[in-house]
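Asker: Each chain is listed here by its residues.
There are 2 protein chains.
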Amino acid sequence: MRIKAFKGCLEGEGIDCFILSDVNSIYYFTGFLDVPDASNTLLVPLKDQPTLFVSSLSFKAAEDSANDCDIEEIRREEKVEDKILKKLSDPTLRNVEFDTMTIPVFLKIREGLNKAKLSPKPEIVWRLRRVKDDQELEYMARAARIADQGMEAATEAVKPGVEEFRVAAEAEYAMRRMGSEGVAFDTIVASGRRSAYPHGHCTAKRIREGEFVTIDLGATHKGYRSDITRTVIAGRCDPKQADIWDTVLKAHEAAFETIKAGIKASDVDRAARAIIENKGLGDRFVHGVGHGVGLNVHEPPRLGIDSPDTLEEHNVVTDEPAVYIPELGGVRIEDTVVVLKRRARRLTATPKTIACG
Amino acid sequence: MRIKAFKGCLEGEGIDCFILSDVNSIYYFTGFLDVPDASNTLLVPLKDQPTLFVSSLSFKAAEDSANDCDIEEIRREEKVEDKILKKLSDPTLRNVEFDTMTIPVFLKIREGLNKAKLSPKPEIVWRLRRVKDDQELEYMARAARIADQGMEAATEAVKPGVEEFRVAAEAEYAMRRMGSEGVAFDTIVASGRRSAYPHGHCTAKRIREGEFVTIDLGATHKGYRSDITRTVIAGRCDPKQADIWDTVLKAHEAAFETIKAGIKASDVDRAARAIIENKGLGDRFVHGVGHGVGLNVHEPPRLGIDSPDTLEEHNVVTDEPAVYIPELGGVRIEDTVVVLKRRARRLTATPKTIACG
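Those protein sequences? They're chains A and B, same order as listed. Per my numbering: the first sequence = residues 1 to 357. Per my numbering: the second sequence = residues 1 to 357.
If we strip away everything but chain A, and leave its shape as in the complex, we get:
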């Protein structure tokens, strides 16, 4: 069904054939999920059955799980670009487009094509993938529930003297025991001055009393990801910290209240940003308020001040305003939410509080 919808998009754009290399797009269309492998490619000709090329490493797995396509093995001594070119030898082909490709493969296929033009057009896949169906929403709700358990374990572990690593250990262990297929992205536990890094990863540093600890994590279920952030303080919190934390929470709520089908993504960002700017902290909020989530942890739509996107029913997006102050630290509060007709619904549901332990 998804292939049929995709062909509808191709036809509308006058595309004769589309070459997909993104592992998650291949999974989306065929049900075959693999680790990234340069050979794995799904060729979708407008007028023919799709062909899935897979390396020998994955051939058996593909045979067992891939639907709606022919499967061809790429053996050790073969190159997928040669097999693609063979399939593209039809001289009536005009427009061949693709999602992503390495430069050498791009140059070789472009060189080898008869008269067809070869161009990148990743956005066409996203027209479909960004709108989640009921089954996908169910998987994402499950990934979000697992992430909530991880966050609960993490905030319980945050205490003065505990290493950031240990907090991540507890969070990931809780998620794995619930059946997470792995983390949705590298878990962030960033305390003290590193909480002011938007991508603060996690280290052997011991958490100290009174500093911000930003925990950003996610789980994966059936390939679908979740994404949640909480910022807490171990022990006492001074009024200035509490004020920043409250501001970010208000910004998060303001963005949440605006989210619904048909609203511009930039308006959601603006709602959060206005509150942070009102506090004179506008230049401390250095990223957009959110991004789409699905099989990828970052995908369209993009929720930023300069985003051209409009939210649609059943997009799944993050709502994650933040304030980062070097030396003092940073606060980010994030939920993964579903866009509904007239409002948003949270998938992640961990209570928001600055206290922990």
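Everything labelled a hint here was simulated from the structure, so no lab data went into it. You may find that some hints are simply not true.
Stated by the list, open to error - Here are the simulated lysine to any residue pairs, SDA-like style, with alpha carbons at most 20 Å apart:
(1) A:LYS117 x B:ILE305
(2) B:LYS79 x A:PRO120
(3) A:LYS79 x B:PRO120
(4) B:LYS222 x B:HIS298
(5) B:LYS341 x B:THR310
(6) A:LYS205 x B:THR310
(7) A:LYS205 x B:ARG177
(8) B:LYS205 x A:GLY179
(9) A:LYS121 x A:ASP16
(10) A:LYS79 x B:ILE305
(11) A:LYS222 x A:ASP186
(12) A:LYS222 x B:LYS205
(13) B:LYS117 x A:ARG110
(14) B:LYS260 x B:ARG270
As the list claims (entries may be wrong) - Here are some chain A residues the structure puts well away from chain B; computed CB gaps all over 12 Å:
(15) CYS9
(16) VAL35
(17) ARG145
(18) GLU181
(19) LYS352
C-beta atoms are modelled at their ideal positions from N, C-alpha and C, and glycine is treated no differently.
Chain B: place on chain A using the hints.
Answerer: Chain B only, in chain A's frame:
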């Protein structure tokens, strides 16, 4: 120092400027480790100080940790390719090369260059990165010790009735508690017929008595990764399974015995393959015997029958022959080893036994 050595390579190849986008190469040369970000780029002109372009998200972190380069922020409304082109406006430039780039960025930079040629040449970075210095070897030894602890926890957890997820949970928890920066790659716990998939990932399936369980995992320390695989059986093991397991272990040992500086990578593969072929199982060993490991989990050199590589002192590589038999299952046994002048030394050291629990 690394930048100086790299410039020596550039000069030898007649390259005027190199554009690096791989996060791990940027870390290797500057000490700044980030999550992948399309803006992050290190420009290395032959005759000038390198410039690190980083997105606003990472600017503060880069300022705190990047060495041997100027740092320029790429703000939300800016594009890194425009900044790169500005730096490349010198009309005497002839050869600009790069490691990796998206097609749109490649087309735009190529279009915008004066007279210089723009070409991909990832291999030049690997000349340096594949040979590890003492500090790198120390980090990798630590990553390997952590992986050994993970493997011990995993094999202890393997029992009839236990879910594959649970085994991964115990392994990853043990590694995190030892300070692993996260998994080196998605942990594989593949039991029964899925043990015959080289990339069998891990599921909610319960392990049954008498089936192969392949556990493939790694840890990360200071960005450096380790990679180890053991295949075990919960409970009784029939003679046919034992025979396959012994064959793979012998192949692993045979490859190990051949590894030393100056040997062809294809000869290492051949040593393992000969033993598996002797058992009539040559077509069940569908990949090369190993690959380089370092900041990337898969990097040069490649140890395959058709590899052009020659091993050098202080390469770090895997030794992982395997036999995959659909229906019956698969066996893979892998260590991460350092290539020395006259032999190899194992970094991972978990005992090899088919029993577990």
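Asker: Straight-line Cα separation of LYS205 of chain A and THR310 of chain B no greater than 20 Å?
Answerer: Outside the cut-off at roughly 41 Å; violated.
Asker: Beyond 12 Å from every Cβ of chain B: is that where the Cβ of GLU181 of chain A lies?
Answerer: Not fine: 7 Å to the nearest Cβ puts GLU181 of chain A too close to chain B.
Asker: Hey, LYS79 of chain B versus PRO120 of chain A, does the alpha-carbon distance stay inside 20 Å?
Answerer: holds (18 Å)
Asker: With the threshold set at 20 Å, check whether the alpha-carbon distance from LYS222 of chain A to ASP186 of chain A stays at or below it.
Answerer: The given pair, whose Cα atoms are some 18 Å apart, holds under the 20 Å limit.
Asker: Starting from LYS222 of chain B, check that the Cα of HIS298 of chain B is at most 20 Å away, please.
Answerer: holds (17 Å)
Asker: Taking 20 Å as the top limit, are the C-alpha atoms of LYS341 of chain B and THR310 of chain B close enough?
Answerer: holds (13 Å)
Asker: The output says VAL35 of chain A does not contact chain B. Does that hold with a beta carbon cutoff of 12 Å?
Answerer: violated (5 Å)
Asker: Tell me if the straight-line CA distance from LYS260 of chain B to ARG270 of chain B falls inside 20 Å.
Answerer: holds (14 Å)
Asker: Please work out if LYS79 of chain A and ILE305 of chain B have their alpha carbons no farther apart than 20 Å.
Answerer: holds (16 Å)
Asker: Under the criterion that the straight-line Cα-Cα distance not exceed 20 Å, is the pair LYS79 of chain A, PRO120 of chain B satisfied?
Answerer: With a Cα-Cα distance of about 18 Å, the restraint between LYS79 of chain A and PRO120 of chain B holds, given a limit of 20 Å.
Asker: May I ask you to check that ARG145 of chain A keeps its beta-carbon over 12 Å from the closest beta-carbon of chain B?
Answerer: Holds: least Cβ distance 15 Å, greater than 12 Å.
Asker: Can you confirm whether the C-alpha distance between LYS205 of chain A and ARG177 of chain B stays at or below 20 Å?
Answerer: Holds, at about 13 Å.
In summary, the structure is inconsistent with hints 1, 6, 16 and 18 from the numbered list given earlier, while agreeing with the others.
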